[in-house]
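Engineer: Could you fit the two chains together into a complex? Lean on the hints.
The listed protein sequences derive, respectively, from chains C and Z. According to the working numbering, the first sequence is numbered sequentially starting from 1. According to the working numbering, the second sequence is numbered sequentially starting from 75.
Calculated directly from the structure, the hints in this document are not laboratory data. All residues carry an ideal CB built from backbone N, CA and C; glycine is no exception. Do not take every clue at face value.
Cβ-to-Cβ under 10 Å is the rule here; a few derived chain Z residues that face chain C [unchecked claim]:
1) LEU137
2) GLY139
3) ALA152
4) ALA163
5) LEU166
6) VAL181
7) HIS182
8) ALA202
9) THR204
10) ARG222
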Amino acid sequence: MVPKPHRVLLGRVSGYADEAAAYVRRRRALRRPFARLYYRDGRAEDHAADSVAGGELFVAAGRLIEVAGKRPKT
Amino acid sequence: MYPPTARRTTAIAQTATTVIQEARAIGTAGIFTQVPDGETSATVSGDAAEAALAFLAEMSPDLRGAAILDAGGSVLAANGDADRWSEDAAALFEVADRAGGEAVEQVHIGTEQGEVFALRHAGLAAIAVTDRFALSSLTFFDMRALLRDLAAGGSGVPDGP
Numbered sequence: 001m002v003p004k005p006h007r008v009l010l011g012r013v014s015g016y017a018d019e020a021a022a023y024v025r026r027r028r029a030l031r032r033p034f035a036r037l038y039y040r041d042g043r044a045e046d047h048a049a050d051s052v053a054g055g056e057l058f059v060a061a062g063r064l065i066e067v068a069g070k071r072p073k074t
Numbered sequence: 075m076y077p078p079t080a081r082r083t084t085a086i087a088q089t090a091t092t093v094i095q096e097a098r099a100i101g102t103a104g105i106f107t108q109v110p111d112g113e114t115s116a117t118v119s120g121d122a123a124e125a126a127l128a129f130l131a132e133m134s135p136d137l138r139g140a141a142i143l144d145a146g147g148s149v150l151a152a153n154g155d156a157d158r159w160s161e162d163a164a165a166l167f168e169v170a171d172r173a174g175g176e177a178v179e180q181v182h183i184g185t186e187q188g189e190v191f192a193l194r195h196a197g198l199a200a201i202a203v204t205d206r207f208a209l210s211s212l213t214f215f216d217m218r219a220l221l222r223d224l225a226a227g228g229s230g231v232p233d234g235p
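Just chain Z, same shape as in the assembly (with noise of 0.2 Å):
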């Protein structure tokens, strides 16, 4: 009577892989809006922001520049003219927000010129400007782990892996 077990075994076996599945499926974006990404409480000074600044050069060769700002949307550190940084950031979460209807995480936006990323977290902004083609998730991962450290307090540097 070995087979029939055998194939009732496995008929099991895919259920219970598909509901765990399923489950995952539904369960996963649950997670991810309940995980909370409140404001920062530390207080962000200019010299780690210029060092997550600096770090972020240093991780993306194809960076033309970058800014980090505040909740309150002034700018923490940047390459070249701080205001017009801030005025155009603020253009851009504007422009997307509206766009959505909700408050944007992440923008990605590629033309002739170059790439723009901007990326808010924990209550800062990030924003970079790339050449074409610069791997985006990579970038995106590095703003994100100096805004991370920027936010708990740490130095601008992120700790390795």
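This is chain C alone, in the form it adopts within the complex (with noise of 0.2 Å):
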């Protein structure tokens, strides 16, 4: 049975509004600062930013942001 014309747009619209939902989501969770740390051994070890060595991390990162400046435009 085809679905009434009304019900197919709410459809459509619940999808978008899901889609957008889920990206939002995603981005919200690939912004949150990190600070890893790679060893010769092959471990890694995150550090939290409200921890003392994170804290640190994130103070000297934004240093040598400072430094480097903005992209130049191509």
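Structural biologist: Structure (structure tokens):
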């Protein structure tokens, strides 16, 4: 049976809304700051921003970002 | 008597595979820790380091700035203020080494303002700052390739595959 036209429209709108919500969720997760250290034995360590080491790493990174400045326009 | 033999053969093959995988998992880390990654014996020229930076900029469209440092922390090539790069790179490695209690090989930090990549290899170090969401594995690969080339006394532009 063919669905009623307004139901098709509603289905599409809610589909787009779901897609958008998933995108925003992924984006939020990706934008979270991180500090990751890798060692010669292949080990990796994450340091949270609210830890002492993490805070120091973010400060040091911030200074390097400042030195690098903005990307030159091409 | 075909089916029982086949079952036994399969069981033996699976056991052997498991052992091999286990041995590989145990042995891999050991192999990498034993690979020598000593200091570079070649003198790295400023021109080669500049060429390496140009290569990195060409390969990484997200790159904002980068620097290459020697074992003593002196800047061989950098975009912008060399003294600031030297000072801030030393601060980053110092903090990173202290955080884990041993010398780090790679540092990757992502913030709202951008991402920082730092790599030590063969007594040299490279620091790169990129926009957010740069491809980290490719960036590290390019940085490692150019440091390896510089350490080997190359021109700073790694050969293709």
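Engineer: For every hint, state whether the structure bears it out.
Structural biologist: Hints, verified against the model:
Interface restraint check: Z/LEU137 against chain C, minimum CB-CB distance 7 Å, threshold 10 Å, status holds. Given the 10 Å rule on beta carbons, the hint for Z/GLY139 holds: about 3 Å separates it from the nearest Cβ of chain C. With its C-beta approaching chain C no nearer than about 9 Å, Z/ALA152 sits inside the 10 Å limit, and its interface hint holds. Checking Z/ALA163 against chain C: minimum C-beta separation of about 7 Å stays under 10 Å; hint holds.
Hint on Z/LEU166 holds. Least Cβ distance to chain C is approximately 4 Å, under the 10 Å limit. The beta carbon of Z/VAL181 is positioned within 10 Å of a beta carbon in chain C (closest approach about 6 Å), and the interface hint is therefore held. Evaluation of the Z/HIS182 hint against chain C yields a held restraint, the C-beta minimum of about 5 Å falling below 10 Å. A distance limit of 10 Å between C-beta atoms decides the matter here; for Z/ALA202 the minimum to chain C is near 8 Å, and the interface restraint holds.
For Z/THR204, the suggested interface contact is upheld, since its CB lies about 8 Å from the closest CB of chain C, less than 10 Å. With 10 Å as the threshold, the beta carbon of Z/ARG222 stays out of range of chain C, its nearest partner Cβ sitting at about 15 Å, so the hint is violated.
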